[in-house]
Amino acid sequence: MSCSGSGADPEAAPASAASAPGPAPPVSAPAALPSSTAAENKIPDAVTGYYLNRAGFEASDPRIIRLISLAAQKFISDIANDALQHCKMKGTASGSSRSKSKDRKYTLTMEDLTPALSEYGINVKKPHYFT
Amino acid sequence: MADAAATAGAGGSGTRSGSKQSTNPADNYHLARRRTLQVVVSSLLTEAGFESAEKASVETLTEMLQSYISEIGRSAKSYCEHTARTQPTLSDIVVTLVEMGFNVDTLPAYAKRSQRMVITAPPVTNQPVTPKALTAGQNRPHPPHIPSHFPEFPDPHTYIKTPTYREPVSDYQVLREKAASQRRDVERALTRFMAKTGETQSLFKDDVSTFPLIAARPFTIPYLTALLPSELEMQQMEETDSSEQDEQTDTENLALHISMIESRSVTQAGVQWQDLGSLQPPPPGFKRFSSLSLLSSWNYRRILEPRRRTPLSCSRTPPCRVAGMGRRTSSITLICGR
Numbered sequence: 001m002s003c004s005g006s007g008a009d010p011e012a013a014p015a016s017a018a019s020a021p022g023p024a025p026p027v028s029a030p031a032a033l034p035s036s037t038a039a040e041n042k043i044p045d046a047v048t049g050y051y052l053n054r055a056g057f058e059a060s061d062p063r064i065i066r067l068i069s070l071a072a073q074k075f076i077s078d079i080a081n082d083a084l085q086h087c088k089m090k091g092t093a094s095g096s097s098r099s100k101s102k103d104r105k106y107t108l109t110m111e112d113l114t115p116a117l118s119e120y121g122i123n124v125k126k127p128h129y130f131t
Numbered sequence: 001m002a003d004a005a006a007t008a009g010a011g012g013s014g015t016r017s018g019s020k021q022s023t024n025p026a027d028n029y030h031l032a033r034r035r036t037l038q039v040v041v042s043s044l045l046t047e048a049g050f051e052s053a054e055k056a057s058v059e060t061l062t063e064m065l066q067s068y069i070s071e072i073g074r075s076a077k078s079y080c081e082h083t084a085r086t087q088p089t090l091s092d093i094v095v096t097l098v099e100m101g102f103n104v105d106t107l108p109a110y111a112k113r114s115q116r117m118v119i120t121a122p123p124v125t126n127q128p129v130t131p132k133a134l135t136a137g138q139n140r141p142h143p144p145h146i147p148s149h150f151p152e153f154p155d156p157h158t159y160i161k162t163p164t165y166r167e168p169v170s171d172y173q174v175l176r177e178k179a180a181s182q183r184r185d186v187e188r189a190l191t192r193f194m195a196k197t198g199e200t201q202s203l204f205k206d207d208v209s210t211f212p213l214i215a216a217r218p219f220t221i222p223y224l225t226a227l228l229p230s231e232l233e234m235q236q237m238e239e240t241d242s243s244e245q246d247e248q249t250d251t252e253n254l255a256l257h258i259s260m261i262e263s264r265s266v267t268q269a270g271v272q273w274q275d276l277g278s279l280q281p282p283p284p285g286f287k288r289f290s291s292l293s294l295l296s297s298w299n300y301r302r303i304l305e306p307r308r309r310t311p312l313s314c315s316r317t318p319p320c321r322v323a324g325m326g327r328r329t330s331s332i333t334l335i336c337g338r
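Chains E and H, in that order, give the protein sequences.
With the first letter of the first sequence counted as 1, position 30 gets the number 30 in the numbering used here; the numbers rise by one all the way through.
With the first letter of the second sequence counted as 1, position 208 gets the number 208 in the numbering used here; the numbers rise by one all the way through.
Isolated chain H (complex conformation) (with noise of 0.2 Å):
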């Protein structure tokens, strides 16, 4: 056919439809190609001579244009299985040519015009290499089941678990040595604070804070441990003695336990020792017993209500049982706290 005499220009050969980019790979090949037949049919309108397209004109073509494509396919396969074969040949087509009403003697011509215009290829562009300081690890390849097209598996370290602490050590010396350390700095550490808060002597005559010692006070009695049963044999004497609980007619009961202390409490024990002037006379048959008054190392760990229960003693009075007294009379009550 004969080409239109007007040179085109080399701009304005038709506008494009914008068409919107979508995220799904399938439909951005889709449109790639699309817009390849677009930029075809531009050109070929600038060939014939027009300046400029309107849209819709352009996209009425390019949809021509493809359904002329896939046209031709169709068809080419169906003539070629209607003569049992599966393999389309040139026959194929140009039988399909010609059904379709296409002038098949004017190709060669078409195919030599003078007035082309060559498209040029689109760039291609690389793919997108991850660098190598944001890869970590490296992908595990595909076994031989897979199919190479597919992706690849992720970074390792998207599903392998990797714990974060470090393994403890668990060498015996070194466990040794640090036990050690650990117990020695605890020692030191509760011996200052003690001297700090305590009663201190110190060891040098002028200096008194460089060297603190804790001051050692003595016991009075210092046979009493030996004497006293252990805590443990005070509990189970407890337990034992509020399965039996009876009325008193005392009025004031109450009971105490009796445990060593550090030297802390020994002053609140004095004070509260000399407020027990106020007892009453214990019941008859109580014996007195002397070492206790002078015991200066008592804690009040439980302070029970009076007449409420018979006072839990310390059946640690060994003495008192031993003289044959009823576990109750020989209960030492004092009055505790306030």
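Bound conformation, chain E alone (with noise of 0.2 Å):
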């Protein structure tokens, strides 16, 4: 894990290849900054300009919340495709000869999703039961 110097300039120009003398900085972000648009990204960004507001984000440029919104998409799609790759073991795994019709119809369900997230650390746990 590397971490680039991030300096005292206030800039919102990617200044962060330049900046510290150290390790050099694997940083490759803003070579994304100025491919997304507004029209790429799937969440508004007032939806998210408004999340990061509730947590005290105020961004200067709206390039940064697209960014954002961004890697919070790739989080989620991450996570879908892993969820995925369960749901299709399970399918496979009982029987190779099996026809099309599973292949179409992958349904997310809770037992492929937990799994998928408590690889990435995160647990949850739903009831069986409502008491």
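Take these hints with a grain of salt, some might be off.
With a cut-off of at most 30 Å between alpha-carbon atoms, the simulated DSS-like pairs for lysine-lysine come out as follows [to be verified]:
#, chain 1, residue 1, chain 2, residue 2
1, E, Lys-88, E, Lys-126
2, E, Lys-90, H, Lys-55
3, E, Lys-88, H, Lys-55
Read the hints as simulated data drawn from the structure, not as lab findings.
Reassemble the complex: the two chains are provided individually, in unrelated frames, and hints are given to aid placement.
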């Protein structure tokens, strides 16, 4: 884990590559910044900005907001892919010669989501019944 | 990360939890944002290859997405303030993401992924505009100390009191005319009423009903009104009479007040006058006031119980008084009404 040296410059321009004379910063986020436009992100800027404001984060540059929303999307999609892998594993474990009907209809269930999340350190426990 | 090869179907992107529409606008905004996140999660799941999802799973992922964004914001702010700054920069976010275990290198590749679903923005609804027919009056503009994002002032008719009556006309000429016309109408109505109910004389010989005139009944003694005292004097004398009460041995003591009446009660008085034959002879000293027997305009205004009090009489018998009689003896008593 390497962190870029965040100097005292308050500009929003990507200056992390040239700030610290220490280890080479492997940050490639600046490359992602200009490419992401508002139309590509699924989460609207207003929604992300609202939740960031609630946490105390006031963004000066809208590109930062888009970066954060992109990161959040990727986070969720990673989990979704892991859950899909779990689902496929359960499907193919029982029998390889299964018709294509199962492959077409994947349903995300809590049984698939729980192990996927546990790999990330998130433990979800839903009660089986309501007391 | 490699996406699933299966193309996402159009439908079945995930169940959406139906949240109850609350009336609080703040709650509505919160729900709207939450729903947006849910749509995003559903589209991400569809991209990943799922056809449908459990409601609990979608809720879980939505909650996680919201928490993730909030945590990024909080953490970035902390890093920013840790270095004695107030404005977060890109570096703060990168540090945050790294600290949260996010592989920042993969971001550009993800941004350029091929299978992307673009969510169309929801249509912007126009603000409900009250039609011109419903607005009544002009709202007061905001004074300068009130910010513009505050709601507008209510309609002026809700707090301005307006009288619902019309101002009465105070023009002198109009008022005089109105008073004169009212008086004429009243007189006309009264004369018509009396003509209908009383005796009439007609102006024309053959046509009785066209112009009925009230029958003229001259008084038998025209100068009586000049002799008798007015009502006011009678009342005053009554009061002084009642202060000196005395027992009387007369069996029948009745009192009566004389007042001018309309011609209608002439017959009444006449009938009652005839029954006075059974009267006892008046007490000695009582000087007969002969003119009173012929009087045809009496009105019994007060009936007093016999032997209870002295008859309050009409002390309007100035001739008797002048003659030197006592007040009681000069009282005129008549049997009164049945």
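* **Violating hint indices (sorted, rising)** => none
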